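In the order they appear, the protein sequences are chains A and B. Heads up: the first sequence at position 337 corresponds to 337 in our numbering, and the numbers run straight through without jumps. Heads up: the second sequence at position 332 corresponds to 1332 in our numbering, and the numbers run straight through without jumps.
FYI, nobody ran anything at the bench for these hints, they're computed from the structure. Hints are all accurate, no fakes.
Label-pair ranges, simulated between beta-carbon atoms:
| id | chain 1 | residue 1 | chain 2 | residue 2 | range |
| --- | --- | --- | --- | --- | --- |
| 1 | B | K1303 | A | S213 | 50 to 56 Å |
| 2 | A | S57 | B | K1303 | 54 to 60 Å |
| 3 | B | K1127 | A | D372 | 56 to 62 Å |
| 4 | A | K336 | B | T1084 | 56 to 62 Å |
| 5 | A | E387 | B | P1274 | 31 to 37 Å |
| 6 | B | E1313 | A | S8 | 51 to 57 Å |
| 7 | B | G1017 | A | G260 | 32 to 38 Å |
| 8 | B | Q1371 | A | I107 | 36 to 42 Å |
Short derived list, chain B residues pointing at chain A, Cβ under 8 Å:
| id | residue |
| --- | --- |
| 9 | I1199 |
| 10 | I1261 |
| 11 | L1266 |
Nothing here was measured: the structure is a model prediction, and the numbers come from that model. Glycine residues also receive a C-beta, built at the ideal position from the N, C-alpha and C atoms.
2 protein chains.
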Amino acid sequence: MINFYLKSIKNQPKVHGSVCVIGLGYIGLPTAALLANRGYNVIGVDVNKKVVDIINSGNIHIKESGLDTFVRAAVESGRLKAYTEPKEADVFIIAVPTPFHENGYDIPTPNIDYVISATKSIAKYIKEGNIVILESTSPVGTTEKVAEILAQERPELFKTVNSEGKKNANHQSLIYIAHCPERVLPGKIMNELVENDRIVGGIDKISSQKAASFYKTFVSGEVLITNSKTAELCKLVENSFRDVNIAFANELSMICDKYGIDVWELRELANRHPRVNILYPGVGVGGHCIAVDPWFIVADAKKEAKLIKTAREVNNYKTEWVIEKIKNEALKFELKNKRKPIIACMGLAFKPDIDDLRESPALYITRALKQDNLNILAVEPNICEYEEFEIIDYTTAIETADIIVFLVAHKEFKSLITNHQSLLTNKQILDFCGVTKLS
Amino acid sequence: MINFYLKSIKNQPKVHGSVCVIGLGYIGLPTAALLANRGYNVIGVDVNKKVVDIINSGNIHIKESGLDTFVRAAVESGRLKAYTEPKEADVFIIAVPTPFHENGYDIPTPNIDYVISATKSIAKYIKEGNIVILESTSPVGTTEKVAEILAQERPELFKTVNSEGKKNANHQSLIYIAHCPERVLPGKIMNELVENDRIVGGIDKISSQKAASFYKTFVSGEVLITNSKTAELCKLVENSFRDVNIAFANELSMICDKYGIDVWELRELANRHPRVNILYPGVGVGGHCIAVDPWFIVADAKKEAKLIKTAREVNNYKTEWVIEKIKNEALKFELKNKRKPIIACMGLAFKPDIDDLRESPALYITRALKQDNLNILAVEPNICEYEEFEIIDYTTAIETADIIVFLVAHKEFKSLITNHQSLLTNKQILDFCGVTKLS
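Kindly produce the complete structure, drawing on both the sequences and the hints.
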């Protein structure tokens, strides 16, 4: 499948030129490998020497479906080479992380230091006519900041040029700078890099157009043009919208609990309304996008982004609320049975049917219960082993446990409930993800 | 059209029995008229003697499309009679208002006094086998409160009955009590009463079933069964979901304003994402449902309903924000031109293409500007006259005004912008409802 797909990429009309990709992580490496197979000469840059060596040997340091095939083919063809320093190229893509500041802020606040140092590192290699693209998820104004830094480092590239025959100078730099936020789903990156629509926002019109032309050489989805600030905010807003709607579902689950109402039944009834679409409640929000990007807005627009901030707080609070619910049940069990219960924590991943534990609330809950000296059995059908806990087979866990806590609606749990209902008889069940309710 | 529809209602299979409808307002009167035309003997009850007299003369005291035809036919047939006191019937429908308490609460808090007195007023007329239905939008637990009151007033109807041959008493009242929230859109009530799905929630299973059977005699939509608390919360949640999503759009418009980003362009780009559906921003939220029902949840579940409360605050704040924006522009104009501007307030209704001013933020804004001694021209193409302001024709207003403020995206304004763009040249335009942006 992936070989067929790779072949179709290689067989497209020939392209010319070179691309320098800064940052060879979850976005940079797949992009570099894709572009090399598409026919570009790609310079991959990472500050980590080990990463550079692994890639140059045709191997990969991250897990992503199909990526190994693409990287191996790219390296073997000689069109992808990794380095620890940038080199000259026609297009520069900055795909470095934008983490939060570690200290000194009352709310999570994005740190664009890597973007700044990546920009400084490429400055001396940039020539007239080059395109510089920021792909990192960034606070509003970061692309203009990239332009500012390049203007400081290379003022000659930012001379104003006169359009012929016109009296007024047409202020314009000699290079093109744009933001093009990545919008791919981990696990499907190789396909989505090609198939998804892309939003390209330049610091001026010509930058947008030049960057869009570049993306059109390898993207089959639509390439939509806007300005850099709109492109930056758009990515953040998409994930904030999702976060707010998950928060609504999570808040609803806590309101229903107060009244003894079944939130799954309520959700189904309310969603009969043609303009209502309540999402699934869960144990919180994890992963590297929805739980993170809203803070990029809130940190800079504190006064305006009140709903987005409250949504983040509600989703984080839901996780703590789940922990308290479980601890309460454990105490009740102990009071009744004069011994501590064995608690099966069903699911550790941040969403159903994946093995990704990044920022996972289910993992956070399991860890919190263990730290509270509760006897937990950690279950995650998508993972074989994990440093912190022994991973227990889910049927064994259910047989052994007194309290079964469903944290993630993995398909294995759904099928277990459908086909082996008897295993759950006489067990106390806490279902926070609707696995016993959803058909 | 309405006559054809009325005839089709009359021609359905015959029904038997009588219904007593308490409260002859926006929900009670259409329901009473519909049921009478469907073949029930209907006793309409309202505390207002004038309302009773108007209805008995075959006329109506509220504005609703097609309602006059239905009421006239019902009264002429002799099957709808209005009174100021209830009478015996097979089914009792309580459709009285549930307003907010006027004083003494820090947040809007629902007042169910009318429900309580309506319940007390019917108590002595209820007989074994009767169905009592609460249709008023109510806080969670109100239907159980109705049952409690009836149990106090008529304890003999709440004796426990033994199912034959069983040892355990099957606790059950001799009457059936349920909640069935109304979910109709003003302007389309006569049709939606029949065609919409209905949610019926009884205080016990048999109550749900009996009430559902009654609705099935005149509703062509699906009748969905649940318990009373779930039915109560469902209605409130539907409108809260809408409110939260409008708040997201309104918050976004303020964030965009901070950055100088066009929110309409951003919205369109973000909505290309398959799981993102950002609604239209506006000048706030009005009407008698979305701006009201969320408080029914918040007032009782303060600790849990944080997002829903923040959404209400954001939507209310948006209206104040718009007022400040307009005042600012007026001051800038005055500074520049040494005179106060004439401001055209385009639209007063609470949403596009209706004449309903209930809780309308556009009306609130226009009023606030007038109170601030600004020269305003009030424009509302769906209304001929209004006590507070002279209603100005919209082309005249646009020709006269210095600043044109679009508050509601009425179709007349859209068509004006499409067809007579020149009228807007050299005018300062503040577009808060996207009428100049939406196609």
